[in-house]
Amino acid sequence: MAAVESYPDDLRYHEAHDWARIEGGEAVLGITWFAADSLGELVHFEPPAAGSTVTKDEPYGEVESVKAVSDVIAPLTGEVLEVNQKVVDAPETVNEDPYGEGWLVRIRMADATEVDALLDVAAYQSVLASQ
Amino acid sequence: MKLIYERSQAGRRASVIPRPAGLPAPEIPDDLRRAEPPRLPEVPEFELVRHFTELSTRNFGVDTGFYPLGSCTMKYNPRINERLVTLPGFAHLHPHQEEDGAQGALELEWRLQEILKEVTGLDAVSLQPAAGSQGELTGLMLIRAYFADRREGEQRRKVVIPDTAHGTNPASVTMAGYELTDVKTDARGNIDVDDLRAKVDEHTAALMLTNPSTLGLFDENIEEIERIFHGAGALMYYDGANLNAVCGISRPGDMGFDVVHINLHKTFSQPHGGGGPGGGPIAVRKILEPFLPAPAVVRKKDGAFALDHDRPKSIGKVRGFTGPFGVFVRSYAYMRMYGPRLREMSEAAVLNANYVLARLKGAYDLPFDRLCMHEFVLSARNLKRDHGATATDVAKRLMDYGFHPPTIYFPLIVPEALMIEPTETETKETLDAFCDAMLAIAREAADDVEILKSAPHHRPVRRLDEVRAAKNPVVKHAFETAPVA
Amino acid sequence: MTQHPFLALTEADREEMLRTIGVASVDELFGDLPAGVRLGRELDLEPALSEHELSAHMADLAARNVDVTRELSFLGAGIYDHYVPAVVDTVLQRGEFLTAYTPYQPEMSQGVLQSIFEYQTAICELTGMDVSNASGYDGETVAADACYIAKHATGKAKVVITEATNPQVRQVVKTYAPGFGLEVVEVPHRDGTTDVDALAAASTGAAAVIFQQPNFFGCLEPAPDLAAAANEADALSIAHVDPLSLGVLEAPGRYGCAIALGEGQAAGNLMAYGGPHYGFLAARQEFIRRMPGRIVGETVDTEGARGYVLTLQTREQHIRREKATSNITTNQTLLALGGLVYLTWLGPQGLRELGEACLALGEYAKRRLQERAGLELVFPDRTTFKEFAVRAGRNAREVIRDARALGVHPGYALGRDYEGMDDVLLVAVTEKRTPEEIDRLADVLAEVAR
Chain A
960 MAAVESYPDD
970 LRYHEAHDWA
980 RIEGGEAVLG
990 ITWFAADSLG
1000 ELVHFEPPAA
1010 GSTVTKDEPY
1020 GEVESVKAVS
1030 DVIAPLTGEV
1040 LEVNQKVVDA
1050 PETVNEDPYG
1060 EGWLVRIRMA
1070 DATEVDALLD
1080 VAAYQSVLAS
1090 Q
Chain B
801 MKLIYERSQA
811 GRRASVIPRP
821 AGLPAPEIPD
831 DLRRAEPPRL
841 PEVPEFELVR
851 HFTELSTRNF
861 GVDTGFYPLG
871 SCTMKYNPRI
881 NERLVTLPGF
891 AHLHPHQEED
901 GAQGALELEW
911 RLQEILKEVT
921 GLDAVSLQPA
931 AGSQGELTGL
941 MLIRAYFADR
951 REGEQRRKVV
961 IPDTAHGTNP
971 ASVTMAGYEL
981 TDVKTDARGN
991 IDVDDLRAKV
1001 DEHTAALMLT
1011 NPSTLGLFDE
1021 NIEEIERIFH
1031 GAGALMYYDG
1041 ANLNAVCGIS
1051 RPGDMGFDVV
1061 HINLHKTFSQ
1071 PHGGGGPGGG
1081 PIAVRKILEP
1091 FLPAPAVVRK
1101 KDGAFALDHD
1111 RPKSIGKVRG
1121 FTGPFGVFVR
1131 SYAYMRMYGP
1141 RLREMSEAAV
1151 LNANYVLARL
1161 KGAYDLPFDR
1171 LCMHEFVLSA
1181 RNLKRDHGAT
1191 ATDVAKRLMD
1201 YGFHPPTIYF
1211 PLIVPEALMI
1221 EPTETETKET
1231 LDAFCDAMLA
1241 IAREAADDVE
1251 ILKSAPHHRP
1261 VRRLDEVRAA
1271 KNPVVKHAFE
1281 TAPVA
Chain C
4 MTQHPFLALT
14 EADREEMLRT
24 IGVASVDELF
34 GDLPAGVRLG
44 RELDLEPALS
54 EHELSAHMAD
64 LAARNVDVTR
74 ELSFLGAGIY
84 DHYVPAVVDT
94 VLQRGEFLTA
104 YTPYQPEMSQ
114 GVLQSIFEYQ
124 TAICELTGMD
134 VSNASGYDGE
144 TVAADACYIA
154 KHATGKAKVV
164 ITEATNPQVR
174 QVVKTYAPGF
184 GLEVVEVPHR
194 DGTTDVDALA
204 AASTGAAAVI
214 FQQPNFFGCL
224 EPAPDLAAAA
234 NEADALSIAH
244 VDPLSLGVLE
254 APGRYGCAIA
264 LGEGQAAGNL
274 MAYGGPHYGF
284 LAARQEFIRR
294 MPGRIVGETV
304 DTEGARGYVL
314 TLQTREQHIR
324 REKATSNITT
334 NQTLLALGGL
344 VYLTWLGPQG
354 LRELGEACLA
364 LGEYAKRRLQ
374 ERAGLELVFP
384 DRTTFKEFAV
394 RAGRNAREVI
404 RDARALGVHP
414 GYALGRDYEG
424 MDDVLLVAVT
434 EKRTPEEIDR
444 LADVLAEVAR
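Protein chains in written order, with my numbering: chain A, 960 to 1090; chain B, 801 to 1285; chain C, 4 to 453.
Hints are computed from structural coordinates only; laboratory data are not their basis.
Treat each hint with caution, since some may be false.
Unchecked claim - Stretches of chain C that chain B covers, calculated by requiring three or more beta carbons in the stretch to come under 8 angstroms of a beta carbon on chain B: (1) 22-28; (2) 59-67; (3) 78-87; (4) 121-132; (5) 157-165; (6) 230-236; (7) 245-256.
Please read these numbers as outputs of a predicted model, since none were measured by experiment.
Beta carbons are placed, not taken as given, at the ideal position from N, Cα and C, and that holds for glycine.
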């Protein structure tokens, strides 16, 4: 079952509909409810390799539904520590729980000051409102 | 129904292969010899015929009924053409036959080239590309070769494409090694000329444009667009997918285009065969002729027809031989049965489309409220907003009324798009029946949307689960499973 | 003017339709066209023909071709005169198959979709691969498609192709390669087959290695060794194979190839002066998301019944656009259906027997051309399938001309593509040729070759 629309206020957001949960020097990344809902039920996640580097504002993976494909944009720069295998195996997890079980990758941040440039929930919701 | 593999029983067969008596076969070295036979079906001939006949009854073609699939030009395919391709001189001619043994085939190809030159208003034709998208790629290769020859190859890296374009256009751009520049559509459905002007410069190699566009609209600013591109030293590519709208009325060459591909399987009635074959000849302006694929089909001074391989500036070959010859036979025959009356064909296609549009535009949203050409795009967004019925639901419900659905969700700039192309084939009675069905479905959406959501109800299968197919792709038969009834 | 047979609207229909639209004339519908782009005259084409007149004209054109029913032919070189059974015509002339578009709406298209699924299965069985697409344009373009797969799978910038691969395949690969950012390197043959060490040396840094089995000369390559050399270099090993050889020759999937592809014409399509035919392309599972073109997958409907749909469409141009795995959309579905019907007609036993018949007749022809016509084989030590190269004693094109004057086309002039082979004929012998016909070839060559 798809989750109901929500945007947790403990997350930071990127205008390309991605989120980051900051945990010390690490961050967990995912896509927002809006992104998952726009695509429809996900059928494939093409993840980056563990150990590779993701770069802020650049694509680091792809998510696909039956009829659409979308780059996943990195909100922060860092090294990939872990890929969420559950999403690789069952991509619909993202639709069901975009901010919990449906996270995509965990990274070690290269530059913690990048966090300051991300949107808070209010700013992200105004991005959504303008679309 | 069963797969042919599920009808198979070891030991049955449909073929008898003559065995030359007393002739030994050479030994195949062990490591090159087939170890285990392929599990091809084992059926007698009548089982084969019944299986494929049953399969055919689970399919819908133009011969079955109305097929208004936008951008695909699903017109009647004359039966005489199927007889003509079986003439032994065509069907059993080896493509490496010497030229003096293939004069009829070469003449047919040459005559087809001449007709296409006149229909497109251009100077030279290559029949080689196998389909529209290969025509696109070939055209871009010509453009690349042309600029390389002018020493502008490094400088001109960009190809401009409107956001209404077929996906083949951007895909071809990448395959040709070019970079893509997107240009927007304006409120009337034309290319946004201001956006265009800002994006075309000395780095631009070409424009790729479908005109009329995938919205079914003729670009009213085509002359201005031509000035912008040629003014910047760039070339213009015409995607001929929609040529059915303008035969004998306006020619790509007259619009200023330098390269055109023609979809023989759309405009000129090669049957589409459930996904091919097609034919994608290209016609070009004189400046591009030296770069055309080799060999070229030419008529010599003595009147004989020949293959000219001596084309030093040619981009090379894009497929085997001179192209899909059987497609040429059919399309040539089709064009000879129309001659100058091709204009009547296009006029009927445009009249049919406008009539259907006029009857449907109250019930469905019309994003660009203009007269259309040979097709038009409606939006089911009003049904989605008011009743929760999507373009998919409308399409599936149309099946229950006995019609093939329109193209849906394309072009991408129209939400819940329904792209309808009636073609010139069809009586007014058929068009009316289709319009009545579309209007009934709009009413059903309001009265009982579930009947749309659960459609189709009268096809060999109900709505199919595409998510399941994509998640765990099963793309061939798993032989170990038990037969399914 | 008489109503055209492919049009339907009467004058009354037209008037009523124009009234509904709200315009006065058909011309008004074209009001968006600027005057400057209008043709403003009739198309300068010959007048429309009736079906009767057209038939006569086309019969006249066809009669000016010398096809294989009028001339005993040993031409091959990629396109072969195999027997096509009547059941192929029967199935392909079903209007429901013939006049359908690509199966975008699966509930309308189960016939085509299931037949493609069955075709994919047949190609995977023949080649020993995991996944086949619904077909490519021909045996040439599928090789270019495979290069695009290899480019993206490896990121490398070179493709290696053996010189003993069909020249048209090499030409098409060379035409496509610059756009893909690939350099093409050719590896020469030695005595009719590819030298494994030379191929291994060339394979370093290659995205793909393409070879043909049997090769263009009809010789059996040491295919497992060639594949191993490519794999050793982390290049995709790609075998271009004759589908009708695969009853007697090993499947590429069994000797380590990443991709198997080829020209499907021999299996179920008429020669038709070069097309339309189908190219087949199959690969190991790991390349499924890099495959070009349509792929059909199995699924179920809302009531649990089995059905078929186009799947993994996010690879394709209509969704992924400039990042698509190919620009292909229209492919060769009807010709591939012909292939499926033909392979079903053959069955596994028929396929093996056909291969054996080609082997036996080819061997007989080699012997007769040596003994009766006094000709020399170019590669006497090689095992060949269906085709072999023979020295004609003088310029092969002249030999062809003189033999044709006696009603026999003796084969393909290899000098068209290979230096030093101006006197070489490539002779193809399918199961349709009889020992008597082969004797006649030998007699004619005894007379015209010296």
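Evaluation of the provided hints:
1. Given as covered by chain B, the segment 22-28 of chain C passes the check, having 4 residues with a CB less than 8 angstroms from a CB of that chain where 3 are the minimum.
2. Here's how the segment 59-67 of chain C fares: 8 of its residues keep a CB closer than 8 angstroms to some CB of chain B, so the rule of at least three is met and the hint holds.
3. Residue count for the segment 78-87 of chain C with a Cβ under 8 angstroms from a Cβ of chain B: 5. That meets the three needed, and the coverage hint holds.
4. Counting residues of the segment 121-132 of chain C whose CB lies closer than 8 angstroms to any CB of chain B gives 7, which reaches the minimum of 3, so the coverage claim holds.
5. Counting residues of the segment 157-165 of chain C whose CB falls under 8 angstroms from any CB of chain B gives 0; the rule of at least 3 is not met.
6. By the rule of at least three residues with a Cβ nearer than 8 angstroms to a Cβ of chain B, the coverage given for the segment 230-236 of chain C is violated, with 0 such residues.
7. Here the segment 245-256 of chain C counts 6 residues with a CB under 8 angstroms from a CB of chain B, which clears the bar of 3, and the coverage holds.
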